[in-house]
Amino acid sequence: MTPGLNKSFRELKTYQSDEYRLLPMRFLFLDADRYIITNLAGGHRVIKRHQLDDLVNHRLAAHSILYDDLKGDHFLADGDSDVYGELLAAKYRTRHAHLPDFTALHLFVVTLRCDHSCQYCQVSRVSEDRPAYDMTQETADCAIGLMFRSPSPYIKVEFQGGEPLLNFDLIRYIVEEVNRRNDGRHVQFVITSNLSSLTDDMLDFCAQNAIFFSTSLDGPAALHDHNRPRPNRNSHALTVNAIQRIRDRLGDDSVSALMTSTAESLTQPEAIVDEYVRLGFRSIFLRYISPYGFAAKTATHIGYETEQFIAFFKRGLQHIIKLNSLGTNIQEVYTRLLLQRILTPHVTNYVDLQSPPGIGISVLVYNYDGDVYASDEGRMLAEMGDKRFRLGTVHNTHRELFLNSDVLPTVFETMLEGLPECCDCALLPFCGSDPVFHYRTQGSTAGHRPTSAFCKRNMELMRHLIRLLEDDHEAASILRSWI
Amino acid sequence: MFEAIDAEPFIARIGERGSTHCAKEAFVVREDEVAPPKEFKCVLRLGKPRPGEIGIPKDLEYLCVGDILRVNGPAREIRVLYRRHSPHNILFFTERCNSRCLMCSQPPRAVEDGYLVEEILETIPLMSPETQELCITGGEPTLAGENFLEVIEATKQWLPQTSLHVLSNGRLFSIDFARQIAAIGHPDLMFGIPLYSDVASKHDFTVQAKGAFDQTIRGIMNLERCGLRVELRCVIHKQTVERLPQTARYIARNLPFVNHVALMGLEMMGFTKTNIDALWIDPADYQSQLCAAVRILTQSRIMVMIYNHQLCVLDRALWPFARKSISDWKNIYMSECDECASRNQCGGFFASAAVRHSRGIRALKNVRGDNTDLGSSIGA
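If you're matching them up, the sequences are chains A and B in order.
With the first sequence counted from 1, adding 30 to any position gets you our numbering.
With the second sequence counted from 1, adding 2 to any position gets you our numbering.
Treat the hints as calculated values from the structure; they're not laboratory data.
Misleading hints may appear alongside valid ones.
Part of the chain A face toward chain B, derived, beta carbon under 7 Å [to be verified]:
| id | residue |
| --- | --- |
| 1 | Thr32 |
| 2 | Gly34 |
| 3 | Val113 |
We treat Cβ as the ideally placed atom computed from N, Cα and C, and that holds for glycine.
Pulled out of the complex, with its shape left as it was, chain A reads as follows (with noise of 0.2 Å):
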């Protein structure tokens, strides 16, 4: 009864059904006796151990709240409704509204040469003479018309290297041929450069065609020094004072950094965030190290166990949210993926977590020498002397690219959707699938999940987020926040 309704109302329970069925859902323990559980569309909700269990066993109090919280979140349904089949569709196509459009992401490697010995690098450099491993005005021709066969309204030119300055003749040339040849797509053009080579007529033409710039930044002077070596050990002064010289003349956001945390960073993830907020960064990304390359070799000296990463991933975590509270506001790059991924209906499209991934369908890389890659570590794992993420040359298809290739076999075998464990877990509509890093660590693109640093690593950061966002109301605020 409704106390007040007139009686030519009908009472809601004429509109009420005390029957429900099960949606599609995944659980997964999070602690104590917490369970995280996620349906179709990526929708998850936390709940008590007791709670799953009524939930499963049909035992819900029909139309308590929490029957009601979770009929609103589409993970059990009754009577009174059926429209929640096309939303839990048009929620799933959302979120993979990125794969008609193809490849977005194109790295040109224009050389492979370095001025900087970084023990951690991640492709094999050569010293700064010879030639012989920068990219051709031939190759860059045929990869230009390779990249615009790609169906993509959003194309991102990449350029990569060894030290892509140390061709910039060659980027100039791809920039304005790129224009030349833009049939109407969004063209964005990003430098990822340590900067020491960076000329003012560079940033006249960086300023003329809105270029943008990606270098890498490891943290307070010592620590990059000692990451980054370079014959006057002055790697840190010349990056600061070139980001300011970018900012200066393209603007503040037209310079981003990347980090990458080695065994000497992992004891101080708050000097590294606040040398970032010192030089005027709104964002860092905490990244853990590759297995490829240098990193590879060197991997006894630098290298370090994922879980003192994911120790050092929250003590960072924890002191950005604490600058936030007190006002400074600095975002990190990798949570905030997450949280989009956790938090809202919408694409994203960070390459390294997608279903199904995204080697070759959102990535290709066309290296110094012509060879086309399905990815980043896929072209690193090459220069390590596998090939198996070539797709081919750049004097193929790009047809023969991805139909006469084992690319999209990989793909289709890859999806978490069809992984032992993945299929199962609750994180899969937030997680994404890299044969790239499993095939290297593991040495089969499907991986083995129990001894997955990839796993461990983002199901340990998921479970860490999610907590924060349960347990701690003012970290919850800060995050939500940032998407």
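Take the given structure of chain A and dock chain B to it, following the hints.
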């Protein structure tokens, strides 16, 4: 002398001396003014009519050139259909409705009133092309079917500068109907559609129609598929307030494409009075739910507007979301408001609020730094 006085009811715009369309226009004169030349279709006199004129009540003194009237000479009845200078003109389609909402301010009646749409089609060409906004309402305007399309078409043709706001329960927007609407290509069209809960049965109960939730959700999705803009509207009362945050969450997850969400206070009219004790909750008692809903929507980058709430009752953080939304002819202020420093920023009350309003109504003092920009921190 004026044939119109005994003619069938007709629709006429109020003209001015020298008008080139005077044969089709009405002319309004004050009680002691002389009548205009005889070219006008009819003369309406405020107060006592002279021979051949139609007398109209003195409270229609506000009538202006460009306003549009329905004149029923034999019955001595005048209806004002359109006011040239009002920002709140409505096109009242029908009294019929396929829902029966607990709080309907305009209770539906099963009458044959198809003539209303005919009148609207006749009225639109007479309206000023400078009209800023027109609101299509009822009843449920989409019950007019083909005629609904015709009215949208006519507004596009005659009033291309005018925003058109359709208030509909959204239940009848099949994909075909939505495609037909979209095909008209109206340049500035918005559908205001109510959603009262994330739980179907609670929405269905609120609108007293089984299956209405599913129909409305499908209707919204069909409009979206055709590129038509949707505003979601939720009236807050005792039956909807408890799940207001969850409803916001549902919108953010399932309908994130909506143009904005309007959270509205009760209007003490129609069925609201009939069901007052089942519906009334003092807005002072639901500020936490309202804050939570606004926070969820804002964090999801969905624009929120709060209608029909007085600033003195709203949490300070909600002020930036409050809009002055009440149509001029229904808008009042209480005696407390005379002393209030924020009166000019405040939307005030529906005239019907005399029946019941929040215990929190009070005059606000001018706090240093007070302005409407404050409190935007809720989205951060």
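Okay, the hints, checked on the actual structure:
1. Thr32: 5 Å, holds
2. Gly34: 3 Å, holds
3. Val113: Result: holds, 4 Å to nearest chain B Cβ.
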